[in-house]
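Asker: Listed here are the chains, written in short residue letters.
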Amino acid sequence: MSKRAAHPMRFGWAMLAMAITAPLWAHHSAAGYDLTKTLSAQATLKEFRWGAPHSAAVFTIKGPDGKPEDMTVACGSPAMFVKQGFMPKDFQIGDKMEITWHPAISGHLGGMLASAKVPNGRVFKDVEFAPGLTPSDVLKQADTAK
Amino acid sequence: MNITGAARSPSSIGWALCLAMAAAVLPARAPAADPVNLEGTWKISAPQLAFRPEGGSIPFTDIGRKRYAQNKSNLAKRAYEEYDYATARCASPGLPRLMLTQGRFRIWQRRGWVGFQFEWNRLAREVDMGNLTQPQLRVAANSLFGQDDVIVGRAVPISKGHWEGDTLVVATEGFQNNTLIDNLVPHGYDLKTTERIRLQGANTLEDRITIEDPRYFTRPWQTVVTYQRQPDDPFPENVCLVTRTTEGAAVKP
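Respectively, the protein sequence lines represent chains B and P. Heads up, this note's numbering is the position in the first sequence plus 57, with the first residue counted as 1. Heads up, this note's numbering is the position in the second sequence plus 107, with the first residue counted as 1.
Hints are supplied without guarantee of correctness; some may be wrong.
As the list claims (entries may be wrong) - Okay, derived cross-link-like pairs now, DSS-like style, lysine-lysine, Cα gap no bigger than 27 Å in a straight line: (1) B:174 x B:153; (2) P:173 x B:174; (3) P:299 x B:146.
To be verified - Some chain B residues well away from chain P (every beta-carbon gap over 10 Å; in silico): (4) 86; (5) 87; (6) 92; (7) 120; (8) 121; (9) 166; (10) 185.
Keep in mind the hints are simulated off the structure, nothing from the lab. Because the structure is a prediction, the values reported are computed rather than measured. Glycine included, C-beta positions come from ideal geometry on N, C-alpha and C.
Please construct the entire structure, taking both the sequences and the accompanying hints into account.
Answerer: Written out as structure tokens, the structure reads:
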């Protein structure tokens with residue numbers, strides 16, 4: 058097979074590889090969140106949807122106009138919480154907690170949960186996308202905080 | 108009626124398929140060792156959206172009463188997405204609400220397990236009678252906490268069952284916290300139900316349910332639901348997301 062004739066095939070394989078890997082890469086990507094920014098708020102937990110590889114939580118916070126607004130944030134799998142000593146029971150509907158999150162770059166309210174201080178004072182920290190920290194750094198911090 | 112997101116667990120779907128295949132292939136035959144044969148098709152005697160507590164009222168804690176009042180307020184506004192994901196999203200209603208289904212359900216009584224196959228949304232529940240090979244969806248956290256904890260509960264956990272005379276006693280725990288006990292009553296992760304299921308006659312089935320959750324109720328409370336035997340006709344397809352016309356209007360778990 059000549060070099061020239063091989064090009065379309067290589068292109069085809071490359072496209073196939075991209076088609077397969079792009080959704081996987083995108084699924085775990087934090088590209089939709091601005092990890093350089095961290096916002097915080099006093100929040101009330103409305104719903105926690107536990108799941109892997111990502112859970113999601115709905116918090117009610119005070120919106121820009123002072124009215125309550127629901128905000129959905131992505132967060133880690135149950136295993137990530139368990140590794141820091143948190144169980145679903147630590148997140149009860151109606152619990153008030155201090156949260157921080159990396160906002161969505163789209164400008165919509167919401168983003169990726171960075172931390173949550175639950176009513177008993179313990180703090181969960183995201184270990185997957187914490188800027189500048191490796192997961193082991195964050196786990197060490199969590200151990201120290203216990 | 109429904110539960111978390113629109114998702115049903117693969118396990119639930121698998122069980123529904125198994126029960127459907129069993130319905131097509133196997134003759135109805137309860138194990139000879141079982142004291143009573145509960146098999147057949149059943150339907151609630153009188154449609155009801157809420158459980159009627161024996162003694163007249165539900166013994167709410169302050170947290171329970173507050174969430175119940177919020178749910179009532181949201182119901183008045185038809186704001187189902189605020190509290191009732193079964194109605195809002197066609198998610199599984201979970202237990203024990205599933206036992207208020209207005210559709211029919213079929214009981215399969217086999218060696219080691221009892222299965223409930225629901226007409227509505229093709230849901231299923233399973234009762235482990237001590238010989239169920241499918242493991243409970245537990246995540247052994249031994250290395251982390253030194254205990255075997257259920258990390259994430261389910262809307263319809265696998266129940267544990269045994270016979271006490273002519274009564275099938277079914278205990279269920281390991282719940283999520285985002286379903287309701289009926290159309291309004293909230294519960295948390297610590298919900299436990301104990302059902303005592305027995306025949307009141309050849310064609311009437313009784314389910315006496317004891318409900319416990321110390322976060323939401325000051326003490327256990329009981330309710331009774333009865334069902335009438337129906338002809339064993341095949342269940343037509345009944346998929347909530349397809350059949351409902353407007354939000355919540357056609358959702359009849």
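Asker: Hint by hint, say whether it matches the structure.
Answerer: Each hint, compared with the structure:
1. B:174 x B:153: holds, 9 Å
2. P:173 x B:174: holds, 23 Å
3. P:299 x B:146: Given that 27 Å is the threshold and the Cα spacing comes to 15 Å, the pair holds.
4. 86: Per Cβ check, residue 86 (chain B) is outside 10 Å of chain P; nearest 21 Å; holds.
5. 87: holds, 22 Å
6. 92: It holds; residue 92 (chain B) is separated from chain P by about 26 Å at its closest Cβ, greater than 10 Å.
7. 120: holds, 16 Å
8. 121: Consistent with the label, residue 121 (chain B) stays out of reach of chain P, its closest Cβ about 21 Å off (over 10 Å).
9. 166: holds, 17 Å
10. 185: holds, 18 Å
Violation of the numbered hints given earlier is absent; every hint is satisfied by the structure.
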